[in-house]
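Asks: Listed below, chain by chain, are the residues.
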Amino acid sequence: MRKSTLLCAVSLAVVLASPAVAQELTIGVSAEPSALDPHYHNLGPNNAMRRHMFEALVLTDENQRLSPGLAASYEPVDDTTWEFKLREGVKFHDGSPFTARDVVFTVCRIPTVENSPSSFTVYTKAIAGMEVKDPHTLIIKTDSPYPLLPNEAASWGILSATANGVTGDIGFSRDGCSGIDSYPKTEDFNSGKAAVGTGMYKFKEFTRGEKVVLARNDDYWGDKGEWATVTFRPITSDGPRVAALLAGDVDLIENPPLQDLERIKSEGFQVAQGLSNRVIYLHLDHEGEPSPGITGTDKNPLKDIRVRKALSMAINRDAIVERIMNGVAVPAGELLPQGMFGTTPGAEAEKYNPEGAKKLLAEAGYPDGFGLTIGSPNDRYINDAQVTQAVAQMLTRIGIQTQVDAVTASTFFKRRNAFEFSVYLAGWGAATGEMSSPLRALVATPDKAKGYGGTNAGRYSNPEMDTLIDQALATVDDDKREALLQQASQVVIQDYGILPLHFEVTPWAFRKGLSFVPRVDQYTLALGVKPAG
Amino acid sequence: MLVYLLRRLGQSLFVIAAMAVLVFIGVFAIGNPIDILISPDADQAEMAAAMARLGLDKPLWEQFLIFIKNALQGDLGRSFVYSTDALGLILSKLPATLELAFLALIFAVFLGVPLGMIAGLKPNSIVGKSIMAGSIMGFSLPNFWQGMMLILLFAVIFKVLPSGGRGDTVQVFGVAVSFLTLDGLSHMLLPAINLALFKTSLVIRLARAGTREASLQDYVKFARAKGLSQRRIVLVHILKNILIPVVTVLGLELGNMIAFAVVTETVFAWPGMGKLLIDSIQLLDRPVVVAYLMLTVFMFIIINLAVDMLYCVLDPRVRLSEVRA
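Protein chains in written order, with our numbering: chain R, 59 to 591; chain A, 18 to 342.
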């Protein structure tokens, strides 16, 4: 008897430890969302998780192109007015119907989230007024022409007003809406109480640090989900995450280390790779005189365009991609990969030309170069410190004696924001998927009122480009706006205001029998995982 | 006894206060949490607003005073990342860590003491020498490497045990525990072994040294002369006398296993406190780091007190009033 119980127990353990049975999907993620509240923390893992449960009016596909979501269509009525026609027949997880009032409720809630470390108000602050024309028609007004409204609407996870106790109409106001008694708290989403959206999957279980379990929404308005349950398990270290995949404990993992990709393939697993919207760049000090990280001269040589061009020409981007990124990256000639909104067709990465670089340096009055220290994080981007090391060696080869100062991300950001680096390496992922995002943040002249230059720690300033961005952001017509953004982008690139190095390529690894659609925004979504065949 | 406890309490309060100042200033110096937490999309105005929401716009001394004021009322602050009570967050991870630490402790005691005694009683035999050689391995192989090898062997190659995570849990008095389910136990086994390897080696060495020393003592010779069985000599007279150093060291090591099982918990994705600590340090979640270290200090104080009490039981000659902490 005892023996048979033991045997039974052992076989049970084996069953439990074996790969998940069909209809169940387990994903090993490298970072867990800090909350399930769709409006609490505007950060990758949260935004990715949100999409399963809470949908937005506008969807972004795997290339970050916009497509209708909960809004069946949308268009500008005039320069400052947008009309959203909402999809009919959509139901929330609790059965209540989706109407325009829910959108107003959601936008009203966003500024009220308590203790938000990164608020979604950046995506709602342009809204001056909202008006429910009929239950499925919503009018949104902005102060000035605001072409990015649909991009931003793609980030509002829509909540149900009814499920949160709203009975009458809601009056929208920037300073607090009327008709709402109370908003759900962040904890209510983590416990599942308020986690009521329209998404393809619904909340089942959340244990922090352990797992998020979602169940299929059988009343979903579109194509139903492929999986009865989806489990996300946070496995933060790379090695154990790969091991969990190899052991069959999880079906799919994100961010496998580049050096392990061969091994994973050789064990019979599959790897999917997709170009990301994240550019790795070098930013240069355009203001310091002398600049803190430069030795051997009292001046700031980086103010001379010939020196900046020489730096760019000295970097062998192909070698970095080949040797350091194991081929899993693409050399960059702009701040967004080709094909995305606002990029210039055919814009290529700077050609490697060390001789030309030396000549330019001599012309600029630095035949013997100078000393330079490059700042870099060492745990933020893929192989970041190694890339900086390689750049340093390449610059040393043309006579600029370069040292690397690589530190952990938290310290790096602190020092970068204090302008301690003459040259630094960092990355930028364009959340809106179009050119105004990197231009506005990285190279526009810092201006608090306009929200420009928030990450421009090189203090690059070019009035010509600022004007072009101003114009682009006030142009609702897509073609005209794209032309302006292309122009603005080329102004910076030809001025060597910032040196793009490469675009990260994001890898995913998964077991045989699955198919996965890589995404430009680097999100790992169960929505894109299907049984192959 | 009472005087001793009071003095001990006074010392502890001082240590806790000193710790609070050091940790608070230390974490402040690393960087600004907002740089890590905020979406890069946020403009300067939103950045300032987020700083204000988290109270980071105030000068260091003011933030510290607010922290002390709240701490005296038992509130160690709110996590910047999770927006929940920091102490509550840590305590919610405590059961997972405790069950792992105790399982590892059981391994360490019930493997380490007997093996160490065998090695001590038969120091020149092959068995004794192999035990000692094994313990050197346990000492010198890095913890994370041991963990990866365990995963590779049992999860990837033989596929008999899961590679990480916590498995099924059951609620006992409202607390989720793994050790009562078979699946949970299978998830605990590898991390517990990983955590126990070093401690077991340590216990083996202590037990061996103690046994060798005790075997030569007069009371053992006398017991033997009196005609007591070898079994009784070893299990009663020697065992009891070698336990004092073992208990001391295990007490401290237990504290270490609970507070700083960072490597094991990270490698096995075990959702315990050590994992929380390392994540919080990386995200500069200052309230959690401070609360965590305060709690750790408190725990070490309690454990040391318990160890001192145990001495009393094990060795009647020890009086607590004589022990200088």
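It is worth saying that the hints were derived from the structure and are not from the lab.
None of these values were measured; they are calculated from a predicted model.
Take the hints with a grain of salt, since some may be wrong.
[Stated by the list, open to error] Here are the computed lysine to any residue pairs in the SDA-like style, where the Cα-Cα straight-line distance is at most 20 Å:
#, chain 1, residue 1, chain 2, residue 2
1, R, Lys243, A, Gly94
2, R, Lys472, A, Gly94
3, R, Lys472, A, Gly191
4, R, Lys183, A, Met68
5, R, Lys417, R, Gln451
6, R, Lys472, A, Ala46
7, R, Lys251, A, Met68
8, R, Lys183, R, Thr138
9, R, Lys323, A, Leu169
10, R, Lys199, R, Lys251
11, R, Lys416, R, Lys472
12, R, Lys269, A, Leu331
Asks: Determine for every hint whether it applies to the structure shown.
Replies: Evaluated hints:
no.	hint	result
1	R/Lys243 to A/Gly94	holds (18 Å)
2	R/Lys472 to A/Gly94	violated (23 Å)
3	R/Lys472 to A/Gly191	violated (42 Å)
4	R/Lys183 to A/Met68	holds (18 Å)
5	R/Lys417 to R/Gln451	holds (18 Å)
6	R/Lys472 to A/Ala46	holds (10 Å)
7	R/Lys251 to A/Met68	violated (29 Å)
8	R/Lys183 to R/Thr138	holds (14 Å)
9	R/Lys323 to A/Leu169	holds (17 Å)
10	R/Lys199 to R/Lys251	violated (32 Å)
11	R/Lys416 to R/Lys472	violated (33 Å)
12	R/Lys269 to A/Leu331	violated (44 Å)
Hint violations for this structure: numbers 2, 3, 7, 10, 11, 12, all remaining hints satisfied.
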